[in-house]
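Peer 1: So the chains spell out like this:
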Amino acid sequence: MKKLINDPRAVVDESVEGFGLAHADIVAVSTEPKFITRRDAPVAGKVGLVSGGGSGHEPLHGGFVGLGMLDAAVPGAVFTSPTPDQIIPATLAANSGAGVVHIVKNYTGDLLNFETAAEMAQVEGVEVRTVLVNDDVAVEDSLYTAGRRGVGGTVLVEKIAGAAAERGDNLEAVAAIGQRVNSNVRSMGVALTACTVPHAGGPSFDLEENEIEIGIGIHGEPGRHKIPMENADGITDRLLEPILSDLGLDAGERVLLFVNGMGGTPQSELYIVYRRAVQVLKERGIMVERSLVGNYITSLEMQGCSVSVLRLDDEMTALWDAPVHTAALRWGI
Amino acid sequence: MKKLINDPRAVVDESVEGFGLAHADIVAVSTEPKFITRRDAPVAGKVGLVSGGGSGHEPLHGGFVGLGMLDAAVPGAVFTSPTPDQIIPATLAANSGAGVVHIVKNYTGDLLNFETAAEMAQVEGVEVRTVLVNDDVAVEDSLYTAGRRGVGGTVLVEKIAGAAAERGDNLEAVAAIGQRVNSNVRSMGVALTACTVPHAGGPSFDLEENEIEIGIGIHGEPGRHKIPMENADGITDRLLEPILSDLGLDAGERVLLFVNGMGGTPQSELYIVYRRAVQVLKERGIMVERSLVGNYITSLEMQGCSVSVLRLDDEMTALWDAPVHTAALRWGI
Amino acid sequence: MALDVTWAVKWLTMCAQAMAEHRLELIELDRAIGDSDHGENMDRGFQAVLDKLAESQPETPGAALKLTAMSLMSKVGGAAGPLYGTAFLRAATTLGDAPDISPAALAQALEAARDGVVARGKAEPGDKTMVDAWTPAVEAAGAASAAGANVLAVLVAAAEAAEEGAAATDPLIARKGRASYLGERSIGHRDPGAVSTALILRAAAGAAA
Amino acid sequence: MALDVTWAVKWLTMCAQAMAEHRLELIELDRAIGDSDHGENMDRGFQAVLDKLAESQPETPGAALKLTAMSLMSKVGGAAGPLYGTAFLRAATTLGDAPDISPAALAQALEAARDGVVARGKAEPGDKTMVDAWTPAVEAAGAASAAGANVLAVLVAAAEAAEEGAAATDPLIARKGRASYLGERSIGHRDPGAVSTALILRAAAGAAA
Ligand SMILES: Nc1ncnc2c1ncn2[C@@H]1O[C@H](COP(=O)(O)OP(=O)(O)O)[C@@H](O)[C@H]1O
Ligand SMILES: Nc1ncnc2c1ncn2[C@@H]1O[C@H](COP(=O)(O)OP(=O)(O)O)[C@@H](O)[C@H]1O
Ligand SMILES: [Mg+2]
Ligand SMILES: [Mg+2]
Ligand SMILES: [Mg+2]
Ligand SMILES: [Mg+2]
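Residue numbers (the working numbering), protein chains in the order written: chain A, 1 to 333; chain B, 1 to 333; chain C, 1 to 209; chain D, 1 to 209.
Worth flagging that the hints you see were computed from the coordinates, not collected in a lab.
C-beta atoms are modelled at their ideal positions from N, C-alpha and C, and glycine is treated no differently.
A few of these clues could be false.
Every beta carbon over 10 Å from chain C, so not counted as near; a handful from chain A, in silico [stated by the list, open to error]: (1) Leu112; (2) Glu127; (3) Glu209.
Using 27 Å as the maximum straight-line C-alpha spacing, the simulated BS3-like pairs for lysine-lysine come out as follows [stated by the list, open to error]: (4) C:Lys10 - C:Lys66; (5) C:Lys52 - C:Lys10; (6) A:Lys226 - B:Lys2; (7) A:Lys2 - B:Lys2; (8) C:Lys52 - C:Lys66; (9) A:Lys2 - B:Lys226.
Looking at chain A on its own, in the form it has when it is part of the complex:
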């Protein structure tokens, strides 16, 4: 294992410290317990948005703290959801009195820790609503599993719900738009290589030189099945097919297309996937109205990508376009 780190156990501490130093104009970092807030949190009258999860998915979530997106992010250990003693103070810090929305990716650990924190925050007088993100169509029989995971769609939920909060929507409305995004987005990912969790020291799963994992999550966990390596167009088709059939898009509908890098894939390859995805959508008469291409929700240095498709309506489009000023997404300001 070769990594630009000092001590496997200090990775999150040191990296969040560096993040705070680099973006002191946007965020403030609390170290004990660890969480990141908007520098001007809580913003008077605004509903607070808090998300969090295991580290190793950067820029998610810290990179999305700032105007028009999150008020606080709570990083756990690498691939381990954060604990209530982090989430509670982050929730309090994000609360201006208008209540707080927790954006939680659907993993047992995240759910349980956020659930506990929400309960405790309510006891402290904060109204909390939870938006569960579960956009991963790779999980088939959600009856017999922990349910679909939250993956790429999380970024879109955070952006759009964040814009709703910024324009002054109330707690219920912000939670509702977050849920609406989640209901309208589907994602699926592929890994060409595994990643190495610093404390584990070895790759998170085994792949032969000529194999890829279809349907991976973002925690370095194996996916739905292994298949022999294919070309980019073939892989893109495999990712899109279950997304489109699950989302049931009709010709003429408008979408946001998000091609996300898992961390170790060159940008040029993401654009090759994007190109194919646009072709496929076009063939079906679906209009790509907005796009996002890049590393936004990663699995350390994993090579691979995920594709997310969000069915847009006018309101979601306007909220997507609204100004955002975070370390990882910025426009309009």
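Dock chains B, C and D with the ligands against the given chain A, drawing on the hints supplied.
Peer 2: Only chains B, C and D with the ligands this time, still in chain A's reference frame:
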């Protein structure tokens, strides 16, 4: 070799096509010959900025085409400088009559091809000035080599010269500010792993499990020397030392600190390097006034990073802060 | 040895040792069907328990377990943190401030712990989770205590049953937690949480020996 | 065989074959001390030359070489593109529109090509570049032509000298081009551009045989 590509020889074509589709609001793509322009190029009265080089360094240069930065970018084959028949029409497309600045990284191939193109463009009536970027302190005896390479500093030259052009500076002034940035920036890089050029099919150099290459360039070429793996702080110190001694910074001076990922390194690790670099600069009384952390000039999926330090003055700082709207850098708009 | 606070502290100390010792094994089990962090999480969590124990002197087993619950809850994270946190909290509540634990109280505390895990995680036996170690342990402890066994024998029965229960997760298809995403690919692997549960119960017996 | 346009076309065709055949070898040489693209660049470049030759029928060797220069310049990129482009352009200019090349004209054309490479790249002999293949080739061709050799013999002499020159780059420290960044680490590797130069000249001899 596992890559999200279709055909090793179509990588640049397909990826630039995807890039053009994803950023049609900012850029236009010419395919035969291949180059990327600002959608509204040429901008009346504005000096044009053109850069280019081998592909595989994305987002450089295409990701920096747009308001406040480049008017055109010319991608060569992977790690191969583009040819005059691409550079010439890109130069013509960028020229509004106010002349064009070529920003050229100091490699024999880039120099020769841009030199030829500049000559031909002048014949076509375009005034061309060249800013040569050679900020890589890893190259020691520049007398006995092709000279220092252009690496991370290129991004800073493009941003700052781009802002000067955008505010209406004339050809000489834009070239001069570009040269001033180059004179005041030094960089050095490290590779933890090699990368694989698609058409080559194997890694660009060999590294043992416990070795790293200090002083790498951005073309997947080996560096100054191999050393056994060290921790992030130790590596950062090794990169900074030659930068600082060459730049001769005094206590009290202000700098822009740029920690650049080579493509395959998780963002969290870049922030660990950033953290250490800030510590070292602070100890020397140097003030980090601006920062950039992320993958901006890469070597495909190489793991590693480079550190660049730019000595700032008020004008450069203001130009850095000026609005920019490109695929890879955006603020103030 | 009586199950007083000294036993409780010894138990927790032995838990921390066990997690440190089996850290890589648990990571490896989690690597196969999860995300490679269970060993790291449990090790970090029980080190935090030790730190807490060094700071404050709990006076009853119940108090020691409550402190453990809080430390695990705030240091482990992931699925295991809240689940073990709840388990220890429910056991502590059942024990109240009794200075010492009878075989029957012990069996009851284990049952409360298991019920806590089920209440939080909604897993059923056979779902390939730590419940598959807790449930046979609870049953074995109940049977032993009903048969008049002493606390050591109850703990040994629980530990053995948990170990068997953990081993019996090998052929199961995971239906809860992260391993469930693998579906049939989870067959043939042992559930890491079931193994850590067995380690915790084995340490309890060891501390009482 | 006379060095007329038929020879020139055959030469360029054999160059394209040689580059395709040695593509991986040149990539491997460039991988060691450069950036792994030389074989790909040369292969792409000479394929483009073939495409151009299929489109337009040059009528003299000079015209064929000029077309080659333009194709290489616009398709190769990197350092080799402009250098070979200039080499072929200078040779073409020297040959003018002569239908056929004499031994003396041949030696002169090779010298012009070499001078073009030096003018563009500023490398001296011993800098571990293609100049180290061109220079002995030019000298051998000059000597052979002065000694009254026919064109085939001049080309064979040039090719052999270029091959020896390329081999002689092994112990050198690179001082120009990308390999120069390696300093002493470039010792023990053969310069890829010198090897491609030898391939080009060997093809010239082959086409004349
Ligand atoms: N719903 C659940 N009910 C009971 N136990 C569960 C449940 N989900 C997960 N677990 C247990 O948690 C263990 C994984 O813990 P850990 O790796 O620390 O957390 P995470 O899965 O969040 O990475 C599993 O091996 C399993 O025993
Ligand atoms: N200044 C120079 N003069 C002569 N030949 C050079 C010079 N620089 C590079 N070369 C030749 O070019 C070859 C490399 O070509 P190529 O790999 O295609 O380009 P690049 O170095 O841009 O990747 C070297 O092996 C060397 O022979
Ligand atoms: Mg986890
Ligand atoms: Mg090259
Ligand atoms: Mg786990
Ligand atoms: Mg090369």
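Peer 1: All hints, please: hold or fail.
Peer 2: Each hint, compared with the structure:
1. Here leucine 112 (chain A) does not stay apart from chain C, with its beta-carbon only about 4 Å from theirs, under the 10 Å limit.
2. No Cβ of chain C comes within 10 Å of the Cβ of glutamate 127 (chain A); the nearest lies about 22 Å off, and the non-interface call holds.
3. With 10 Å as the threshold on Cβ separation, the claim that glutamate 209 (chain A) sits away from chain C holds: the shortest Cβ distance comes to roughly 20 Å.
4. Distance check on the hinted pair: lysine 10 (chain C) and lysine 66 (chain C) sit about 15 Å apart at the alpha-carbon level, within 27 Å; holds.
5. For a cut-off of 27 Å, the pair hint linking lysine 52 (chain C) to lysine 10 (chain C) stands: about 14 Å separates their Cα positions.
6. The hinted pair formed by lysine 226 (chain A) and lysine 2 (chain B) meets the criterion: a straight-line CA distance of about 14 Å does not exceed 27 Å.
7. This hinted pair checks out: lysine 2 (chain A) and lysine 2 (chain B) have alpha carbons roughly 20 Å apart, not beyond 27 Å.
8. Between lysine 52 (chain C) and lysine 66 (chain C) the CA atoms are separated by roughly 11 Å; this keeps the pair inside 27 Å, and the hint holds.
9. A hinted pair counts as satisfied when its Cα atoms are at most 27 Å apart, and lysine 2 (chain A) with lysine 226 (chain B) qualifies at roughly 14 Å.
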